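Asks: Line order of the protein sequences matches chains B and H. Read left to right, the first sequence gives residues 0 to 595 (numbering that gives the first Met the number 0). Read left to right, the second sequence gives residues 0 to 595 (numbering that gives the first Met the number 0).
Hints are computed from structural coordinates only; laboratory data are not their basis. One thing to keep in mind: the hints can contain errors.
Identical copies carry no separate label here, and so any pair may be met within one copy or between two of them.
Said to hold, decoys possible - Restricting the straight-line Cα-Cα distance to at most 30 Å, the calculated cross-link-like pairs of lysine-lysine (DSS-like) are: (1) K284 / K556; (2) K465 / K331; (3) K284 / K142; (4) K331 / K223.
Nothing here was measured: the structure is a model prediction, and the numbers come from that model.
There are 2 protein chains.
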Amino acid sequence: MNDRLIDPADIAFQLDEVLDIDSLMLFPRFAGQDRADYDAILGTARTIATEKFLNHYAKSDREEPQLRDGSVVLPPEIAEGVKAFHDAGFAGAHHDEELGGLQLPWTVVQAAFAYFQAANIATAAYPFLTIAAANLIEAHGSKAQKERYLGRMISGDFFGTMALSEPHAGSSLSDIRTTARPREDGTYAIKGGKMWTSGGEHEMGRNIVHMLLARIEGAPAGIKGLSLFIVPRYRLDADGNPGEPNDVALAGLNHKMGYRGTVNTVMNFGDNDGCIGELVGEPNKGLSYMFHMMNEARIGVGMGAGMLAYAGYRESLAYARERQQGRPPGEKDPAAPQIPLIGHADVRRMLAIQKAVAEGTLALGLLCARWVDERQWAPEKSARNEAHLKLEIVTPVLKSWFSDAALRANEAAIQILGGYGYTRDFAVEQIYRDNRLNPIHEGANAIQALDLLGRKVALQDGAALKAFGWEISKTLSESRKDFPDEYHALGQAWTRLSAVTETLLQRQADHGAAASLAPAQSYIDAFGNIVMAWIWLKQAVAASKAGRAYIGETFRKGKIETCRFVFRWELPKAVLACAQLETLGDGEAYPAEDAF
Amino acid sequence: MNDRLIDPADIAFQLDEVLDIDSLMLFPRFAGQDRADYDAILGTARTIATEKFLNHYAKSDREEPQLRDGSVVLPPEIAEGVKAFHDAGFAGAHHDEELGGLQLPWTVVQAAFAYFQAANIATAAYPFLTIAAANLIEAHGSKAQKERYLGRMISGDFFGTMALSEPHAGSSLSDIRTTARPREDGTYAIKGGKMWTSGGEHEMGRNIVHMLLARIEGAPAGIKGLSLFIVPRYRLDADGNPGEPNDVALAGLNHKMGYRGTVNTVMNFGDNDGCIGELVGEPNKGLSYMFHMMNEARIGVGMGAGMLAYAGYRESLAYARERQQGRPPGEKDPAAPQIPLIGHADVRRMLAIQKAVAEGTLALGLLCARWVDERQWAPEKSARNEAHLKLEIVTPVLKSWFSDAALRANEAAIQILGGYGYTRDFAVEQIYRDNRLNPIHEGANAIQALDLLGRKVALQDGAALKAFGWEISKTLSESRKDFPDEYHALGQAWTRLSAVTETLLQRQADHGAAASLAPAQSYIDAFGNIVMAWIWLKQAVAASKAGRAYIGETFRKGKIETCRFVFRWELPKAVLACAQLETLGDGEAYPAEDAF
Chain B
0 MNDRLIDPAD
10 IAFQLDEVLD
20 IDSLMLFPRF
30 AGQDRADYDA
40 ILGTARTIAT
50 EKFLNHYAKS
60 DREEPQLRDG
70 SVVLPPEIAE
80 GVKAFHDAGF
90 AGAHHDEELG
100 GLQLPWTVVQ
110 AAFAYFQAAN
120 IATAAYPFLT
130 IAAANLIEAH
140 GSKAQKERYL
150 GRMISGDFFG
160 TMALSEPHAG
170 SSLSDIRTTA
180 RPREDGTYAI
190 KGGKMWTSGG
200 EHEMGRNIVH
210 MLLARIEGAP
220 AGIKGLSLFI
230 VPRYRLDADG
240 NPGEPNDVAL
250 AGLNHKMGYR
260 GTVNTVMNFG
270 DNDGCIGELV
280 GEPNKGLSYM
290 FHMMNEARIG
300 VGMGAGMLAY
310 AGYRESLAYA
320 RERQQGRPPG
330 EKDPAAPQIP
340 LIGHADVRRM
350 LAIQKAVAEG
360 TLALGLLCAR
370 WVDERQWAPE
380 KSARNEAHLK
390 LEIVTPVLKS
400 WFSDAALRAN
410 EAAIQILGGY
420 GYTRDFAVEQ
430 IYRDNRLNPI
440 HEGANAIQAL
450 DLLGRKVALQ
460 DGAALKAFGW
470 EISKTLSESR
480 KDFPDEYHAL
490 GQAWTRLSAV
500 TETLLQRQAD
510 HGAAASLAPA
520 QSYIDAFGNI
530 VMAWIWLKQA
540 VAASKAGRAY
550 IGETFRKGKI
560 ETCRFVFRWE
570 LPKAVLACAQ
580 LETLGDGEAY
590 PAEDAF
Chain H
0 MNDRLIDPAD
10 IAFQLDEVLD
20 IDSLMLFPRF
30 AGQDRADYDA
40 ILGTARTIAT
50 EKFLNHYAKS
60 DREEPQLRDG
70 SVVLPPEIAE
80 GVKAFHDAGF
90 AGAHHDEELG
100 GLQLPWTVVQ
110 AAFAYFQAAN
120 IATAAYPFLT
130 IAAANLIEAH
140 GSKAQKERYL
150 GRMISGDFFG
160 TMALSEPHAG
170 SSLSDIRTTA
180 RPREDGTYAI
190 KGGKMWTSGG
200 EHEMGRNIVH
210 MLLARIEGAP
220 AGIKGLSLFI
230 VPRYRLDADG
240 NPGEPNDVAL
250 AGLNHKMGYR
260 GTVNTVMNFG
270 DNDGCIGELV
280 GEPNKGLSYM
290 FHMMNEARIG
300 VGMGAGMLAY
310 AGYRESLAYA
320 RERQQGRPPG
330 EKDPAAPQIP
340 LIGHADVRRM
350 LAIQKAVAEG
360 TLALGLLCAR
370 WVDERQWAPE
380 KSARNEAHLK
390 LEIVTPVLKS
400 WFSDAALRAN
410 EAAIQILGGY
420 GYTRDFAVEQ
430 IYRDNRLNPI
440 HEGANAIQAL
450 DLLGRKVALQ
460 DGAALKAFGW
470 EISKTLSESR
480 KDFPDEYHAL
490 GQAWTRLSAV
500 TETLLQRQAD
510 HGAAASLAPA
520 QSYIDAFGNI
530 VMAWIWLKQA
540 VAASKAGRAY
550 IGETFRKGKI
560 ETCRFVFRWE
570 LPKAVLACAQ
580 LETLGDGEAY
590 PAEDAF
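Looking at chain B on its own, in the form it has when it is part of the complex:
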């Protein structure tokens, strides 16, 4: 098997030792499921990811989507990969059995998806977007909408998109201008242009279902006037099959730095006044519905970024073991044999950074997936609420801090390969380019920082922050005996961050949002660093206790030494950021506009 993909032992370790998947299987929703079934699913994912996703990784970058005779042409391997994904049932794996799904935990599904993300994230985007759109219809659509769309999207017969951004409104969804005019039959005439729509047009399925935000005529300005619509490429006929074209036109393709296999489009809806949309749920609640989808998407972006870090890590680790270059410092004999790159301390530093980010994101992303399962399926309401609160805190951190860290990891992969890493003969430069999107899309990272500091930490009088703090406390108490230094360091850092949070919230009360939110990036830097240290301590504790066969000495040592690496070199940066935030006072955090 290819070295690029996630280590299956790591997946098993996360499920069994870190996440205690056995306890999740006690939820009524998952009754009767078997741990061995999960392994079978994961094995299938790994096989398809290798044979049908990884196989065209370079090709779909080189031969990016093209417009020919008005149609989007993709390398055929993309459709083959997507078909294999759908045929194996991955798009419906988490859905109810009565919908034809497997009713698997989202945790297991996300673990399976990690293989696809590491293998070829641009091809994976097609089914992932479709799954996200289907989840949105399932959560907020009418019974009729579910009947008409859901099954076909799960099977891969129809695809899905998110049509939010417009050319003048990227981060500022408040300024969306696309309009929806009520028609007599209860549907709406949609009119407007959308930008950055991934998967907006292609010929893989029989239809494309755009989940589109628009403003019903007369609706309030701003985000409170946005409604959510289902806008299919082809209108459905009486039998639910694609019929007449729905006046959805491709206006152009965006040509990107990476992530090229995912066609990215400029779309026009209703240029000829013939575009019909179906309202989802109630009017003017579109953005709150969309956030349902976006929060999952943000977890997905963080995970995807981390799995690209994983891919780069595995590529550069293999290279570092193979490539003979140089001699140890102090070796004066030029006739002494060269040593592998991994023998050089700084190469191990660059590998450790990557391992920390890659495996740390896997651990955190799967933990978030477990919380998604708990939020929806935990028997007790208090557990559901607690999971919800923790997700509110961690989602922006996973999306933002970990996607930034993943770029650092990918840069280290390129650096380890040196000149070779800078060529297109090796995957690492493409992995970086693909990954560069993640800090931008689904809410640019600065937006995540504002979300964390401006909304989440104060949510329900700090209940979300407390719920997350409780998770840290649990890990601390588990670590006290075997990891006393880390126990103290993390405890102190969390206390410090909590104090800084108070200071910033007070500053907001005293001086307003602009002053308190200006250094939001520094705050999320500190927060993310602490989350990273915590998720590694959690893994180290699990590794030091675990006795399963797949946990060999190298595996165990890797987890524990990487934890120590994170605590030695990374966590102190969080403490520094706290100090900087504390001493900032009420002055300007950054140079003023007229200083540029």
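Dock chain H against chain B, hints included.
Replies: Okay, now just chain H, sitting in the frame of chain B:
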């Protein structure tokens, strides 16, 4: 003029206020030169950079060098740009007047080159490589070699390359295998393969002069057995014109992530035993000669990286002023007009990072150029020696720390442009890709860190470090009155770093090179951060005193606020790194080989 290029006021500020170019003009070498002449040269550079380099920036990335019928085909605009550069006399600008040069200070030449680096670094690489090769011949070649090659290289009739690396020997030059067999006429038969040779083949000039490292048969193993050769693509006839082919064969092109306009080649020398090279200087001294060139090249790499940061800064600054997006935090009225991106605090943070790196590198690079002038032309020997020592310290820092920082700057530029920044319709993604080479070539950044900690700080019993420390002291005493906080912070940081240096040198004495050099990256991180703070304090002092007309309030405020930004957010990282290095003890800095 295009916003991309360096701000001419910044160049003038550096020359007049920071570098005191007037005092340099007192050197006998530059007697009779006029400050206005320098401005004319700089104006010409800016015009050619805009009209003949910037014009094909995207094109030479899109249409990268190709091999057709055995020849390298470049977009014709590259040759036009290079020709304009040579025709304007830039390649000989620093050479003796009797050689047809202008005898200008290297400082002024480097300031002119900054425009070309910001406009199109891949096109600039051709004349820059030729200049470096010519400088090497001038420094170490015989009189006959100078007569045969130098004039033609200055005019752009011949081009030059550096042919060092081999497929199995990138960082480890010790392992070069290319051989040189003495021939009866005193020349050598060259045989071997070279890798990563930039500009190794093209059709722009009448000849290409490879400055090649090879091992004379029977020479010692390792770097002490390497000799330097001139190996022309075509042998020179009696008149010095290109004649017979010299058995130099193009074996292939490397396809890179960026920097694509510079053709990068795999070269075979002497496949048919017909490749003749001329020894430069003495046998087995090749690497020491090459280091003459490489040290200049390393300054050039640092400067180039910084000028790409400058380009990205200017692109994203223009965008941030123009693009209207979102409203201030706390603004609840969705009908309120949007504000430009620069109105958002975090965008200003990302602009400030870029400004700090871009203008900081310009200031440091030109200061290094001044030291190059002093090293060669200062009337007193002590001044020449002092300049030499300071360059020994700062060169690896400029090459390494500033090229890493420049990537962070370019990432910020992409982030400011958001989705647009991720497309190839805007320059910032290409600027990043071009820049990604800089931490790799001319000695990977890890090598620079080893060079600084393992060689430079201990050089001549610490004389180099002391000479550089003296520069910091001078700036400190100038800053005490107007910048008391910065005065204290930088003084403390430098004291701390000096103590850490002692600790690490002692560790080397006690435990050997491997233990002491392992955290070399952390050491250069601290060092570079302090250099950054120092160069900004130097600029702030100059800006607060300067009274010239081109220094308006915005310019002055920009320098001073960026200095404060660096001291507030960046310098403390150096202090943290020092603390980490101090507490490291003798344990392993990073996970062991068997932890991966």
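Asks: With identical chains, the pair K465 and K331 could be close in the same copy or across copies; at 30 Å between alpha carbons, which is it: within, between, both, or neither?
Replies: For K465 and K331, only the inter-copy Cα distance (28 Å) is at most 30 Å; the intra-copy one is 57 Å.
Asks: Have a look at K331 and K223 and pick one of within, between, both or neither, based on CA distance no larger than 30 Å.
Replies: Between copies only: 11 Å across, 71 Å inside.
Asks: Between K284 and K142, at a C-alpha cutoff of 30 Å, which is it: within one copy, between copies, both, or neither?
Replies: Only inside one copy: K284 and K142 sit 18 Å apart there, 82 Å across copies, limit 30 Å.
Asks: How do K284 and K556 come out at 30 Å by Cα distance, when the copy is not named: within, between, both, or neither?
Replies: neither (50 Å within a copy, 46 Å between copies)
Comparing the model with each earlier hint shows a violation of hint 1 alone; every other hint is respected.
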